[in-house]
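Residue 18 in the working numbering sits at position 18 of the sequence shown, and the numbers go up by one each step.
To be clear, the hints were calculated from the coordinates, so they are not data collected in a lab.
Certain hints may be false.
Said to hold, decoys possible - So the derived label-pair ranges between C-beta atoms look like this:
| id | residue 1 | residue 2 | range |
| --- | --- | --- | --- |
| 1 | Lys231 | Gly9 | 43 to 51 Å |
| 2 | Gly9 | Ala246 | 41 to 49 Å |
| 3 | Thr100 | Glu240 | 43 to 51 Å |
| 4 | Asp234 | Leu27 | 43 to 51 Å |
| 5 | Ser168 | Leu248 | 37 to 45 Å |
Unchecked claim - No more than 20 Å apart at the CA atoms, straight line, and that leaves these computed lysine to any residue pairs for SDA-like:
| id | residue 1 | residue 2 |
| --- | --- | --- |
| 6 | Lys86 | Leu146 |
| 7 | Lys86 | Asn144 |
| 8 | Lys90 | Ala177 |
| 9 | Lys249 | Ala177 |
| 10 | Lys231 | Met63 |
| 11 | Lys86 | Tyr145 |
No experiment lies behind these values; they were computed from the predicted model shown.
C-beta atoms are modelled at their ideal positions from N, C-alpha and C, and glycine is treated no differently.
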Amino acid sequence: MLIAAFGTGPSFIINGVSYLFAIVALLSLNEKEFFHQDKPKTMTNVREGLRYALKRPDIYVVMLMVFFLGTFGLNFQIFNALMATKEFHKGPASYGLLGTFVAIGSFSGAIASARLERFRQTRYVILSGGVFSTAVIILSVMPNYLAYALWLPVCGVSALTTMIMANSIVQVNSDPAIRGRIMGIYLLIFMGGTPVGSPLIGVMAEVVGIRQTVAACGVIALLATLVIWFKYRDKVSVPEDISVAAVLKRADADHNN
Numbered sequence: 001m002l003i004a005a006f007g008t009g010p011s012f013i014i015n016g017v018s019y020l021f022a023i024v025a026l027l028s029l030n031e032k033e034f035f036h037q038d039k040p041k042t043m044t045n046v047r048e049g050l051r052y053a054l055k056r057p058d059i060y061v062v063m064l065m066v067f068f069l070g071t072f073g074l075n076f077q078i079f080n081a082l083m084a085t086k087e088f089h090k091g092p093a094s095y096g097l098l099g100t101f102v103a104i105g106s107f108s109g110a111i112a113s114a115r116l117e118r119f120r121q122t123r124y125v126i127l128s129g130g131v132f133s134t135a136v137i138i139l140s141v142m143p144n145y146l147a148y149a150l151w152l153p154v155c156g157v158s159a160l161t162t163m164i165m166a167n168s169i170v171q172v173n174s175d176p177a178i179r180g181r182i183m184g185i186y187l188l189i190f191m192g193g194t195p196v197g198s199p200l201i202g203v204m205a206e207v208v209g210i211r212q213t214v215a216a217c218g219v220i221a222l223l224a225t226l227v228i229w230f231k232y233r234d235k236v237s238v239p240e241d242i243s244v245a246a247v248l249k250r251a252d253a254d255h256n257n
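Taking the hints into account, I'd like the entire structure generated from these sequences.
Structure (structure tokens):
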């Protein structure tokens with residue numbers, strides 16, 4: 001909408017200025033009022049965090065799901081831009097409106113996730129990822145702009161529900177002493193797929209077509225989800241003791257046996 005009304009340059013400026021409010025709010029926080037919690041001493045290297053994650057199937061399976069969904073499924077900026085301009089021959093305003101439809105779905109997903117506490121298990125992350133991947137595949141065959149726009153909220157709901165469950169599982173099910181490192185690995189995997197997926201999607205769109213590219217991304221994510229489901233669905237229970245010492249001790253014992 002802003003691009004259609006003011007042009008590309010001014011829209012970037014307006015967007016940049018909007019971040020000033022968040023910056024001012026963060027700078028106004030009083031660090032003395034923060035809640036501080038003493039954590040037990042433990043090794044402070046990334047290797048331990050990675051080892052801990054790899055010994056927790058309920059955590060690393062979530063990370064696998066996030067990698068494939070983030071790399072191939074969560075590319076609405078690219079999907080919408082290509083579909084709006086190339087497939088439906090619309091302008092900037094129509095493209096911006098597609099983002100609104102995604103946001104409607106995301107907002108609904110955020111509200112729904114607050115009521116789905118009992119479903120915050122790794123198995124449900126896999127199932128929800130399968131629903132999202134299927135929604136992306138269906139998105140690729142929408143016949144016109146209106147149908148495409150009306151299906152985007154479904155994609156938004158399934159995407160955000162999956163991501164919220166994944167984020168919650170990784171945080172809540174990790175030992176507080178090592179949670180920061182686990183979340184660092186999680187975010188690296190989540191964000192790290194974008195530099196791979198985005199250029200690949202652009203090349204595919206030029207070579208095989210836009211709809212085919214969107215469908216292929218959904219299919220890749222769905223196939224990965226199916227493989228993960230059949231391989232790990234019975235191995236993702238949360239251990240009774242999630243402490244670093246207990247998890248690594250259990251892993252060493254299994255290795256020796």
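So, going through the hints one by one against the coordinates:
1. In this structure the hint that lysine 231 and glycine 9 lie 43 to 51 Å apart at CB holds, the actual value being about 50 Å.
2. Range check, glycine 9 to alanine 246: Cβ separation about 56 Å, and the 41 to 49 Å hint is violated.
3. In this structure the supplied range 43 to 51 Å holds for threonine 100 paired with glutamate 240, their Cβ-Cβ distance being about 45 Å.
4. Take aspartate 234 and leucine 27: their Cβ atoms lie about 49 Å apart, and the range 43 to 51 Å holds.
5. For the pair serine 168 and leucine 248, the beta carbons lie near 24 Å from each other, so the given range of 37 to 45 Å is not met.
6. At most 20 Å may separate the alpha-carbon atoms for a hinted pair to count; lysine 86 and leucine 146 meet this at roughly 15 Å.
7. Among the hinted pairs, lysine 86 with asparagine 144 is consistent with the structure: their alpha-carbon atoms are about 12 Å apart, no more than 20 Å.
8. The hinted pair formed by lysine 90 and alanine 177 fails the criterion: a straight-line CA distance of about 51 Å is larger than 20 Å.
9. Using a Cα cut-off of 20 Å, the hinted pair lysine 249 and alanine 177 holds, with the two alpha carbons roughly 16 Å apart.
10. Among the hinted pairs, lysine 231 with methionine 63 is consistent with the structure: their alpha-carbon atoms are about 15 Å apart, no more than 20 Å.
11. Our distance criterion of 20 Å between C-alpha atoms is met by lysine 86 and tyrosine 145, whose separation comes to about 11 Å.
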